[in-house]
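Chains B and V are the protein sequences, given in the same order.
Last residue of the first sequence: 499 (the numbering used here), numbering continuous.
Last residue of the second sequence: 499 (the numbering used here), numbering continuous.
Treat the hints loosely; a few may be bogus.
Intra- or inter-copy, both count: the list cannot distinguish identical chains.
[To be verified] Listed next, the in silico EDC-like pairs over lysine to aspartate or glutamate satisfying Cα-Cα at most 20 Å (straight line): (1) K138 to E365; (2) K414 to E495; (3) K496 to E445; (4) K366 to D141.
It is worth saying that the hints were derived from the structure and are not from the lab.
Protein chains: 2
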Amino acid sequence: MNDAPAITTVPVKLGDRSYDILIGAGLIDRAGAAIASRAGSVRVAIVSDETVAALHLDRLTRSLSGAGIDSTPILVTAGEKSKGFATLEAVTNAILAARLERGDVVIAFGGGVIGDLAGFAAGIARRGMRFIQMPTSLLAQVDSSVGGKTGINTAHGKNLVGVFYQPQLVLADTDVLDTLTPREFRAGYAEVAKYGLIDRSDFFAWLEKNWRGIFDGGPERTEAIAVSCQSKADVVARDEKETGDRALLNLGHTFGHALETATNYDSARLVHGEGVSIGIVLAHQFSTKMNLASQDDAGRVEAHFRQVGLPVSIGDIPGELPSAEKLMDYIAQDKKVARGALTFILTRGIGQAFIAKDVPPSAVLSFLQEKHPT
Amino acid sequence: MNDAPAITTVPVKLGDRSYDILIGAGLIDRAGAAIASRAGSVRVAIVSDETVAALHLDRLTRSLSGAGIDSTPILVTAGEKSKGFATLEAVTNAILAARLERGDVVIAFGGGVIGDLAGFAAGIARRGMRFIQMPTSLLAQVDSSVGGKTGINTAHGKNLVGVFYQPQLVLADTDVLDTLTPREFRAGYAEVAKYGLIDRSDFFAWLEKNWRGIFDGGPERTEAIAVSCQSKADVVARDEKETGDRALLNLGHTFGHALETATNYDSARLVHGEGVSIGIVLAHQFSTKMNLASQDDAGRVEAHFRQVGLPVSIGDIPGELPSAEKLMDYIAQDKKVARGALTFILTRGIGQAFIAKDVPPSAVLSFLQEKHPT
């Protein structure tokens, strides 16, 4: 291991539930050793999807068995449709069928869907198993694998059912990102840029200059992932259960979720990160309309997202969409509603996002009608 | 309220998740005031079953609306079969359909099944709503409503899927116990006696003398419920997530769960408390066989349970049962298995239960073959 590539460690500080995020090249091959040194003699269930498994599962299984760890794969169909009660039940039953005990480990090996689904199953099987995240998409590495939110979707909306359940370790292998399609990579990039837009204007400026290195797999990639994880870890440490500041991480997500609902989670039309990209641009434009942010800042965000190839407007989504009024209904049903007043993450400019708790629904509707005339 | 009957309060001390158990007559009629004074202006979903709802729901709804609290009833079929993924999904969706927000309240209004199911749904809907237990069976009042264990059954066994989720308040109305069948009341009594057998031999001796008052609704009833809740609260405060002492509460439950599985949770043949009754007697007899406890103590437990009308042997269960070998399989699949060695709650005598982590499966099997020859 002397010439093994360097690993960046980001600690997540949550008292007796603290854990490390390890970021670097070749981490799949080192997973067995990393898990054995932390968890000792355990058995493992690897929850993954068919796409990720075809590319990387053999390598992970070999790494685990090399460290004396037996593993059982539990595979689900790739895509957002697996984030529902039916698949949750199947995965949970598969963990029980493998006769794993409370001290054994569930690994989420995949993108955001797998992390949310496997984390939820790990949180409820035997009322909580050990849980390790091995995110394989950029989005999962910088966002969903960190912070302990797990969940599934229902007819009532996205992520409305789940538990807060922290992993004991996150292993982010930066090599696997080379197997993503450009579209998937870009979608994850929207969440990277989000951290700059929330409260790190210098990071956003750095991204404007260095984004090509991130996309091309240069050293900027690991740096961008580490800054993103650190940003998220800081927020989660302050407010694990989202009673306050953590809501800032939802910048762009209220609009984004509504658009995902409107496209029925059809990934051919819109994936989560693309919804967030459009949502972030809309949040900046709406902030401008509310006289909170300058037109220049909103334009800068839109220009950067467009430059990297992300969709930036509702019109960029292929196919028919429901009316502005219907989109408004989806927003009202979103979980960030409190007592009839809408809570939105708005901004005073690049890196100056804030939680607005009293946004008039009529203002949102009129903004949507303007952006999405029918 | 000047001549309202006295209420006994038992505090459960769990740091920032501490809560009170209120025990007394007429608490349903006082629920609205009790909830409004603690939770303020909230909306409520009442999860209940058709049997309990027919008897008591109107009174609860009136009490809530008298305090200005709107409520939505969510009714499920009575019985253990409702403790599964399908009903969990239905209840969770009904909470979302009622558009309850995170700060709103889910009330579990029923016996142990309702408490486990509604608590699980409250723990996962919006990643955790406010939760209040209003147990209507003796078993739920003295056991399942206290301590935060929630869960459902799967084909792999009982309560293998769930979350630890503490209520914010428990309201135990002792009047409602008069509407239980004698059989249901007796089943709950097995859990009351269990506390004496774990570590309060004086309480067990008091029960041997005073059980008739408990069954007849005398002042002994409230006292027995309060002692039971206090016993459970003490254990839970020491070990909320069952990494140690809390397992003592499973006295009789390993055998009991196996018998419930063997009867396919058919309440016509065996209800939970009856399984626990037989299980407790078996645990004492097995402890005698292992030369840990005296024959006299085991006989005293069996005699008392028989005296109150509880089943005390496998042969007391009506209908055909699987073989001893099959019962052993169910035990091995139970969650209290660690690394191949069986963990059992055994005893050195009345009030001297302990956690035995190294019970040889062969000894259990031979004991079962003796008690249940085929």
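Here's how the hints hold up against the structure:
| no. | hint | in the structure |
| --- | --- | --- |
| 1 | K138 to E365 | within (10 Å within a copy, 22 Å between copies) |
| 2 | K414 to E495 | within (11 Å within a copy, 80 Å between copies) |
| 3 | K496 to E445 | within (15 Å within a copy, 69 Å between copies) |
| 4 | K366 to D141 | both (15 Å within a copy, 14 Å between copies) |
No hint from the list above goes unmet by this structure.
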